[in-house]
Amino acid sequence: AQSVTQLGSHVSVSEGALVLLRCNYSSSVPPYLFWYVQYPNQGLQLLLKYTSAATLVKGINGFEAEFKKSETSFHLTKPSAHMSDAAEYFCAVISDTGRRALTFGSGTRLQVQP
Amino acid sequence: DGGITQSPKYLFRKEGQNVTLSCEQNLNHDAMYWYRQDPGQGLRLIYYSQIVNDFQKGDIAEGYSVSREKKESFPLTVTSAQKNPTAFYLCASSQGSSSYNEQFFGPGTRLTVL
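Line by line, the protein sequences are chains P and H.
Just so we're on the same page, the numbering used here is the position in the first sequence counted from 1, plus 2.
Just so we're on the same page, the numbering used here is the position in the second sequence counted from 1, plus 16.
Honestly, the hints are just simulated from the structure, not real lab data.
Don't take each hint at face value.
Stated by the list, open to error - Cβ-Cβ distance ranges computed for the label pairs, FRET-style:
#	chain 1	residue 1	chain 2	residue 2	range
1	H	P55	P	Q115	20 to 28 angstroms
2	P	S28	H	N34	34 to 42 angstroms
3	H	S83	P	Q115	40 to 48 angstroms
4	H	G18	P	G10	30 to 38 angstroms
Yeah, the Cβ is synthetic: ideal placement off N, Cα and C, and Gly gets one too.
Make the full structure from the sequences, and use the hints.
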């Protein structure tokens, strides 16, 4: 079985500050990991994904994430927050064995203060 | 433009009624998925289908039914057996059976039981 834990249901940062959204996963087999963003009343958009090619993954809108196997983590970062980054962010995991469907974390709502 | 469409955007249902949510994709994707989203719980998998005429239950399939008669369509029926159907429903699709393929999401349907 696989699972995802996102620490912090709400995170607030000032515009221009570092964004750090935490994600820890549990998987008995090598995982593939994803970060999605959701704006109010919309579907989800892929920010980035880890598929074992490189541990540091760069995504859209200046976001990146680092896969750390020893810490079972895949935290999302952005050096400088912008007002348009305010949204809900979801970490998700999937593997090549068993169920071929994403398991999502509970989400983190990011607020950006001016 | 290629993408996923969901209709209707808003749906109201009286208790005891069955309702069907539409999901159509023109991405030529093999796999399709239905998720339910509740505040603070992330997305939970209802049903998924890797190929036409085949589908599997997800984590919360009770009270729901699906069909996959065409590659581009994956409708979800919320039956009267679903005790708490008020939620935001998201449909997704992905290419092929590889787990690392990105899932693309539709804009969602918000279902409210009156």
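Hints versus structure:
1. Distance hint for P55/H and Q115/P: a CB-CB separation of about 22 angstroms, consistent with the stated range 20 to 28 angstroms.
2. About 37 angstroms separates the C-beta atoms of S28/P and N34/H, a value consistent with the hinted range of 34 to 42 angstroms.
3. Range check, S83/H to Q115/P: Cβ separation about 47 angstroms, and the 40 to 48 angstroms hint holds.
4. Taking 30 to 38 angstroms as the suggested C-beta distance range, the pair G18/H and G10/P conforms, at roughly 35 angstroms.
Of the numbered hints given earlier, the model fails none.
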